[in-house]
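Q: Sequence:
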Amino acid sequence: GPRIDETQVTEYLPEGLKVEPRISMEEFERFQNEMDFLTSPKCQAGPSFQPNICEWGFGSTMNSIVKPVMHAMQYGYCLKDPKGWDKYNCTSWTDVFAPVSVPSSFNSSDFSLPTKPSDPTTCAKTFSKTIHYNEDGQPKFFFEKDYHDCCMKYSHPEHGDDMVPDSLKNIGFFGSVSLILHRFLRPSPRVLQRIEHEMLNMGWPKDKPVLGLHFRAGDACLEEEITLGRRCDNLAFYMEQVDRVAGKYGIEHIYLATDSNAVLKQLDKYPQYTFLYIKELGRGGLRNEVPIDDLLHSRRIDGCKEAEESLIDVYLLGNTQAFVGKFSSNIDRVAYSLSFAHARAHVPHISLDNTWCFDYGIKSRPDGINSANHDMFYC
18 GPRIDETQVT EYLPEGLKVE PRISMEEFER FQNEMDFLTS PKCQAGPSFQ PNICEWGFGS
78 TMNSIVKPVM HAMQYGYCLK DPKGWDKYNC TSWTDVFAPV SVPSSFNSSD FSLPTKPSDP
138 TTCAKTFSKT IHYNEDGQPK FFFEKDYHDC CMKYSHPEHG DDMVPDSLKN IGFFGSVSLI
198 LHRFLRPSPR VLQRIEHEML NMGWPKDKPV LGLHFRAGDA CLEEEITLGR RCDNLAFYME
258 QVDRVAGKYG IEHIYLATDS NAVLKQLDKY PQYTFLYIKE LGRGGLRNEV PIDDLLHSRR
318 IDGCKEAEES LIDVYLLGNT QAFVGKFSSN IDRVAYSLSF AHARAHVPHI SLDNTWCFDY
378 GIKSRPDGIN SANHDMFYC
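Add 17 to the 1-based position in the sequence shown for my numbering, that's all there is to it.
Don't read these hints as lab results, they were simulated from the structure. We put the CB at the ideal spot given by N, CA and C, even for glycine. Be careful, since some hints might not be right.
Said to hold, decoys possible - Derived pair list, reagent style DSS-like, types lysine-lysine, alpha-carbon separation capped at 27 Å: (1) Lys282 to Lys35; (2) Lys296 to Lys186; (3) Lys157 to Lys133; (4) Lys100 to Lys146; (5) Lys157 to Lys146; (6) Lys265 to Lys286; (7) Lys97 to Lys35; (8) Lys59 to Lys186; (9) Lys157 to Lys100; (10) Lys265 to Lys223; (11) Lys170 to Lys35; (12) Lys146 to Lys380; (13) Lys322 to Lys186; (14) Lys146 to Lys59; (15) Lys186 to Lys157; (16) Lys282 to Lys225.
Stated by the list, open to error - Estimated spans, in silico, between C-beta atoms of each pair: (17) Asn390 to Phe128: 20 to 28 Å; (18) Gly33 to Ser109: 39 to 47 Å; (19) Asp392 to Leu284: 36 to 44 Å; (20) Thr132 to Gly33: 37 to 45 Å; (21) Ser121 to Lys35: 39 to 47 Å; (22) Glu28 to Pro116: 33 to 41 Å; (23) Lys265 to Lys59: 46 to 54 Å.
Modelling step: build the complete structure from the supplied sequences, incorporating the hints.
A: Okay, here's the thing in structure tokens:
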């Protein structure tokens, strides 16, 4: 299938919804086999590490897992469930996610790990060090030089495709990030049951395409646009682009992920669509007044519940056949990666601001809104 460079385009609208896979089934299976091995009990004889999650917003927290996993794949470390649930105050990874040791459906007993180079770095230690938070609730290690240096080793803007682990070279940069997220963001059995129940309740169609729409009002409109190069737009602005995509592919169903109650009242302006959304997810209230990171740190919202509801939104957005959102949002980039991994192909999408990017912990993204601004931002 076509290899489009996600870091260069803000929209991709192919002729039809059915596109050729970009990653072959063999490559997909080989990736799953290697992950099955590295996370299995039989691996634990080798060196292993338990990656830290770096807690900010949910999408950013999920993206923080990718570079440690790339490091493990490059040097053959066994992987354990990520650790560091403090603001998202779950007791452990498996409250919300499947244990990493749950094998894929491709699990193969005769897989043997290719020979890996020995690790000349101390990044396995850096990516799993004890987490301390400063008084603002930020993980201190994020600002430390060794963490920055290890993140830099897996920086695509810095190293190009050389940073992709050897066994993932055919899959490429975007594909590797997407498959790692897809593998680690598998919901726990309890959460998966809830997702299936919600899909049934919403009337999610079995045989018709769904467009994923992420409308973020809350903290995207609070944070200074200057720091993030973000804009806060109204629903009508999003719906113009939804009309373009839905019109092209004949899509009538829209899954709406939103933090705004007010936006739900505007949906009757668009009677040509059937909107699917989960009625009882946490929306509005404090979220429209205080950035989510502060709410989590001060325990003004239930962090584990927030993680679960965010995963449900990301999972459902990642199960759609077309997408409209903003790639300045970590949630949107993660969701789009999941939809790619799901289809093994690029699904049609429009980002209303930036191109897709991934460079956790490194400021390497130009301002997507103001080209006169030469400062670099985190993705």
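Q: If a hint holds in the structure, say so; if it doesn't, say that too.
A: Now for the hints, and whether the structure bears them out:
1. Lys282 to Lys35: 33 Å, violated
2. Lys296 to Lys186: 42 Å, violated
3. Lys157 to Lys133: 31 Å, violated
4. Lys100 to Lys146: OK: Lys100 and Lys146 at ~10 Å, within 27 Å.
5. Lys157 to Lys146: Holds, at about 11 Å.
6. Lys265 to Lys286: Distance ~20 Å between Lys265 and Lys286 Cα, so the pair holds.
7. Lys97 to Lys35: 36 Å, violated
8. Lys59 to Lys186: With Cα atoms ~25 Å apart, Lys59 and Lys186 stay inside 27 Å; holds.
9. Lys157 to Lys100: Holds - the C-alpha atoms of Lys100 and Lys157 are around 15 Å apart, at most 27 Å.
10. Lys265 to Lys223: Roughly 20 Å between the alpha carbons, so the hint for Lys265 and Lys223 holds.
11. Lys170 to Lys35: Judged against 27 Å, a Cα distance of about 36 Å means the pair is violated.
12. Lys146 to Lys380: OK: Lys146 and Lys380 at ~22 Å, within 27 Å.
13. Lys322 to Lys186: Distance ~37 Å between Lys322 and Lys186 Cα, so the pair is violated.
14. Lys146 to Lys59: Holds, because 24 Å separates the two Cα atoms, which is no more than 27 Å.
15. Lys186 to Lys157: Given pair Lys186, Lys157 is violated - Cα atoms ~33 Å apart, limit 27 Å.
16. Lys282 to Lys225: Holds, at roughly 25 Å.
17. Asn390 to Phe128: 20 to 28 Å: 48 Å, violated
18. Gly33 to Ser109: 39 to 47 Å: This hint holds: roughly 43 Å between Cβ atoms.
19. Asp392 to Leu284: 36 to 44 Å: 37 Å, holds
20. Thr132 to Gly33: 37 to 45 Å: This hint holds: roughly 43 Å between Cβ atoms.
21. Ser121 to Lys35: 39 to 47 Å: With Cβ atoms ~24 Å apart, the hint is violated.
22. Glu28 to Pro116: 33 to 41 Å: Between Glu28 and Pro116, where Cβ atoms are some 37 Å apart, the hint holds.
23. Lys265 to Lys59: 46 to 54 Å: With Cβ atoms ~48 Å apart, the hint holds.
Of the numbered hints given earlier, the model fails hints 1, 2, 3, 7, 11, 13, 15, 17 and 21; all others are met.
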